[in-house]
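Going by this note's numbering, the residue at position 2 of the sequence shown is 2; the numbering climbs one at a time, nothing skipped.
Worth flagging that the hints you see were computed from the coordinates, not collected in a lab. None of these values were measured; they are calculated from a predicted model. A few of these clues could be false.
[To be verified] Under the rule of at most 30 Å between Cα atoms (straight-line distance), these lysine-lysine pairs were calculated in the DSS-like manner:
id	residue 1	residue 2
1	Lys-299	Lys-171
2	Lys-111	Lys-130
3	Lys-143	Lys-101
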Amino acid sequence: MTAQDLKLEFFYFRKAFLEYRQGMRYIKNKYFFAREIIRGSGVLEKPITTQDLSIHVFTSHRDLIMLLWALASFYRVCQTIGQLFVHSDGTLNAADASILKEKLPTARLIKPEEFLRRHLGELEQYPVIKRFRLDYPRYLLLKKLIDPFFVSDRKSRLIIDSDVLWFQEPKELEEAIAQGCPQSLMMGNNSECFVYFKGGNVVSAELARFNSGVVLYAKQHFSLKELSAYFERLDVGDDRNIHFIEQVGYASCLENLAKLSIERYSIRDLVGIGTVAKHYTSPRRPLFFIEGLEILGKKLF
1 MTAQDLKLEF
11 FYFRKAFLEY
21 RQGMRYIKNK
31 YFFAREIIRG
41 SGVLEKPITT
51 QDLSIHVFTS
61 HRDLIMLLWA
71 LASFYRVCQT
81 IGQLFVHSDG
91 TLNAADASIL
101 KEKLPTARLI
111 KPEEFLRRHL
121 GELEQYPVIK
131 RFRLDYPRYL
141 LLKKLIDPFF
151 VSDRKSRLII
161 DSDVLWFQEP
171 KELEEAIAQG
181 CPQSLMMGNN
191 SECFVYFKGG
201 NVVSAELARF
211 NSGVVLYAKQ
221 HFSLKELSAY
231 FERLDVGDDR
241 NIHFIEQVGY
251 ASCLENLAKL
261 SIERYSIRDL
271 VGIGTVAKHY
281 TSPRRPLFFI
291 EGLEILGKKL
301 F
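Build the full structure now, drawing on both the sequences and the hints.
Listed below in structure tokens is the structure:
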């Protein structure tokens with residue numbers, strides 16, 4: 001565990017104990033119960049039901065357990081299943097790959113070096129996108145934005161984060177997939193998450209209110225021209241862009257874009273009878289274990 005990981009975990013401990021007042025539940029669920037997803041749940045995936053869809057998750061060694069819970073909850077409620085691609089940030093090790101193979105045997109693991117080896121020729125056609133993918137490794141989330149477009153030959157792509165848990169069938173998404181994704185769909189933020197452009201400009205408040213915990217789009221609606229223009233405007237020296245570069249990127253380049261219901265696809269609200277999915281973003285990450293696993297543990301085990 002790195003010094004940065006320790007600092008982040010201390011932040012989560014403080015949130016769990018002082019803000020949510022559920023510190024012992026956080027410890028029990030994160031460090032003990034959560035690992036049951038490896039030991040006792042068997043294969044997590046379900047058979048593919050549509051050849052028109054690929055599902056993409058971006059993850060790290062640190063987030064592997066969360067990823068397995070996220071996917072287990074997704075497969076439990078979803079009936080429309082596409083080919084799964086697991087995109088590594090570069091930190092997944094051999095043991096992680098072995099766990100993924102056991103739990104998700106038909107998933108395709110995409111390592112960063114494999115992506116570049118296979119798709120560098122295609123990237124040559126889009127020099128700005130290629131430059132960002134190659135020259136700015138500290139912007140890890142560019143892999144989540146760029147790579148799914150190129151690795152899949154399916155008509156539509158569903159991007160889901162490893163910190164999203166699913167509680168009901170996502171009928172809005174399934175209906176859109178069945179129709180060929182005439183609209184691109186993203187979750188909504190409760191407040192603006194800005195990125196900053198050259199010359200002191202900032203992205204519009206409208207685009208800053210999209211969240212990339214869940215993204216659905218048809219390949220034809222992903223504009224490489226608009227993505228290149230977005231990259232050209234970015235101030236790559238502004239560290240504030242590290243956290244939100246990909247979700248504003250999606251909002252900027254997807255055509256026919258609409259927001260999913262913020263009540264049904266939630267970030268802040270407690271899980272209720274209408275909640276389809278909840279994105280446990282970093283400021284609220286302890287609730288993934290305090291709230292989410294308490295609910296799902298009884299359904300998955």
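The hints, checked one at a time:
Between Lys-299 and Lys-171 the alpha-carbon distance is near 20 Å, which keeps this suggested pair within the 30 Å criterion. For a cut-off of 30 Å, the pair hint linking Lys-111 to Lys-130 stands: about 17 Å separates their Cα positions. Under the criterion of a C-alpha separation no larger than 30 Å, the hint pairing Lys-143 with Lys-101 is consistent with the structure, at around 21 Å.
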